[in-house]
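Residue numbers (UniProt numbering), protein chains in the order written: chain A, 1 to 572; chain B, 1 to 99.
Take these hints with a grain of salt, some might be off.
Stated by the list, open to error - Capping the alpha-carbon separation at 20 Å, the derived lysine to aspartate or glutamate pairs in DMTMM-like fashion look like this:
#  : chain 1 : residue 1 : chain 2 : residue 2
1  : A       : LYS303    : A       : ASP316
2  : A       : LYS322    : B       : ASP13
3  : A       : LYS242    : A       : ASP128
4  : A       : LYS564    : A       : GLU515
5  : A       : LYS322    : B       : GLU54
6  : A       : LYS208    : A       : ASP284
7  : A       : LYS218    : A       : ASP175
8  : A       : LYS322    : B       : GLU12
9  : A       : LYS152    : B       : ASP52
10 : A       : LYS551    : A       : GLU568
11 : A       : LYS303    : A       : GLU568
12 : B       : LYS2      : B       : ASP13
13 : A       : LYS231    : A       : ASP394
14 : A       : LYS152    : B       : ASP77
15 : A       : LYS322    : B       : ASP46
Said to hold, decoys possible - To be clear about the criterion: a stretch of chain A counts as covered by chain B if any three or more of its residues have a C-beta under 8 Å from a C-beta of chain B, and this derived list gives those stretches:
#  : region
16 : 26-40
17 : 190-197
18 : 530-540
Treat the hints as calculated values from the structure; they're not laboratory data.
None of the values given here were measured: they were computed from a predicted structure.
Idealized CB from N, CA, C, for every residue including glycine.
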Amino acid sequence: MEVKTKTAAEPESRLKTGADVLIQSILREGTDVIFGYPGGAVLPIYDALYRQKVRHVLTRHEQGAIHAAEGYARVSGRPGVVIATSGPGATNLVTGLMDACIDSLPLVVFTGQVATHVIGTDAFQEADVIGITVPVTKYNFQVENAADLPRKVREAFYIATTGRPGPVLVDLPKDICAAAVKQEQADTEIRLPGYRFSKEPSSEQVEKLARAIETAEKPVLLAGAGILHAKAADLVRVFAEKHHLPVVSTLLGLGSFPASHPLFLGMGGMHGTYAANMAISECDLLINIGSRFDDRLTGNLAKFAPNAAVAHVDIDPSEIGKNVRPAIPVVGDARSVLEKLLQRTGKSGEKREWLDHLGLYARTHPLSFSAGKDNEELAPQSVIRHVFRHAGEDAIVTTDVGQHQMWTAQYYPFNRPNRWVTSGGLGTMGFGFPAAIGAQIAEPEKTVVSIVGDGGFQMTLQELAVIAELNLPVKIVIMNNHALGMVRQWQEAFYSKRYAHSIPSMQPDFIRLAESYGIRGVRVATEEEARRVFPEVLRDPQPWVIDCRVKQMANVLPMVAPGKGLNEMIGV
Amino acid sequence: MKRTVHALVSGEDSALFRVTAVFSRQKLNIASLTFKRSGGTNGTSDMKIVTDVENERQARQLIGQLNKLVDVISAADISELPDCDKEKECVAPEINPGC
């Protein structure tokens, strides 16, 4: 006999549930995909998803969902949307929230919560998610009334995507989502009296900056990710060419200025180019647009840009003077500032002597490596060159953190904006592969290559199920040195080669692992194999795992050792 | 150096926690803290916090971080105000008739 049980998930009335209103509100913001993972506290939300047929990507871990949302946000400029359940579902998001917070990526994250009447009782799968995520979000809040959902969702998207972008977390008690809601005119009026940001810079500060540029003899433009967030890459190029400004990029700013442009000196910082770091060290005017002067960029602050007047353009006023005190602070959006600067008719002289001087540094101290002979062990830097040669300028490249990340930043010439997806500030292992999933979903026609280390890949490789399930043609290039490369490199350099737990005794057979998900895999161990394999697999419309066996003891050079100034590079 | 900070915050319950979290993140001790609901329909609250900072730069950083909070409507360093005016920032006039 069939017994029908009436449950909260099957309301008799035609009233909508809070979850229905939630999904409608999310869709109203233009959301085309949600990354998530179901669980008890979000069952009403998933029931609404089932009814409303929204595109939902089921990752195999909540961390995978949030990194995928980050990848989606980074390449599309649109907010990534995530749903996870209460307790462990929510706490599994913490790394991704912090990663998005420090790298200024717009995310709107919805977490389930136990029902309102049991909050604070240590109920099953209860966690104080608001308390836990205050330091790792731009803003977070719990919804206390289902009728508030349209407004609260609108506010969440507004905060995430305006000013300095960042992650916003919305905690949803189960009873709020299950509650019946009368279909009334939705209240979506934003009421945030304390939230403000200023896109338009002060004309006076822009004028000061313009005059400084016109009179500087040795200026340098430092291009940060703020340029990409402001969609201002086109203007930076025009501005740099107009004033003959040599350009140094931060790690996250790569692609905001074409790498092949004659004014480009490369990435600055710990593993930057000699020319870029010397330009910062010797310049008389440093124009930072959209970078937060991270310690990996500046090296020893006391020795940073010692001869320069510093101009700092940032949309976040709290960044101004946090690490480096600027002579010319400009609070505003990079695009608005550049538009104002370009409206001025003044033009700078060519500064040929300064450009020639920096050009000499670039020619005499280029990035270099030995590719080795055809049958010799593969140089990791060579893998990056092969990927670039066959994936092309329009490809999107994602990485984790560590040696493979630095080699990619050094040797992959990013000529276009929003093709580079990496974990910058937080340095998150396991970021690159799920981020590639989000990037591929945002840009289905583009080639997406995820360059990862063998260590980081093992942190989120369960997401292979997603690319198999959705047949996403992501190409996973494992820089397999059978080591936690950057840890090993630092142990070699600063701990007398005591390789404590950085060279694991075993690792899986990545090819068979890929095959177990129905994904093809290939191993590349020599130059000759790399030349043969990369053109074939990077053009194939299927996902691939390419296990590149690279030199274990290769080091990322040149380097600014901790505590040293940018002009004290080793390995140049 | 002793600094007195005033913040006008929205009525969200978590505002107190968010504000004090900025101090703890910067390793700043709170010597005293007053939190008072303004009682108006807009549900704002006044906070007055006395702390010790190392230098002016840290004080500026603190105010910048507080103003960045979504729940903070305004934050200011009121250390240079006369004591009487400092109290006005946080105490209702009727119970502070001397000012």
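Now for the hints, and whether the structure bears them out:
{"no.": "1", "hint": "LYS303/A to ASP316/A", "result": "25 Å, violated"}
{"no.": "2", "hint": "LYS322/A to ASP13/B", "result": "29 Å, violated"}
{"no.": "3", "hint": "LYS242/A to ASP128/A", "result": "53 Å, violated"}
{"no.": "4", "hint": "LYS564/A to GLU515/A", "result": "46 Å, violated"}
{"no.": "5", "hint": "LYS322/A to GLU54/B", "result": "14 Å, holds"}
{"no.": "6", "hint": "LYS208/A to ASP284/A", "result": "15 Å, holds"}
{"no.": "7", "hint": "LYS218/A to ASP175/A", "result": "63 Å, violated"}
{"no.": "8", "hint": "LYS322/A to GLU12/B", "result": "28 Å, violated"}
{"no.": "9", "hint": "LYS152/A to ASP52/B", "result": "37 Å, violated"}
{"no.": "10", "hint": "LYS551/A to GLU568/A", "result": "27 Å, violated"}
{"no.": "11", "hint": "LYS303/A to GLU568/A", "result": "10 Å, holds"}
{"no.": "12", "hint": "LYS2/B to ASP13/B", "result": "28 Å, violated"}
{"no.": "13", "hint": "LYS231/A to ASP394/A", "result": "17 Å, holds"}
{"no.": "14", "hint": "LYS152/A to ASP77/B", "result": "31 Å, violated"}
{"no.": "15", "hint": "LYS322/A to ASP46/B", "result": "26 Å, violated"}
{"no.": "16", "hint": "26-40", "result": "violated (count 0)"}
{"no.": "17", "hint": "190-197", "result": "holds (count 4)"}
{"no.": "18", "hint": "530-540", "result": "violated (count 0)"}
Hint violations for this structure: numbers 1, 2, 3, 4, 7, 8, 9, 10, 12, 14, 15, 16, 18, all remaining hints satisfied.
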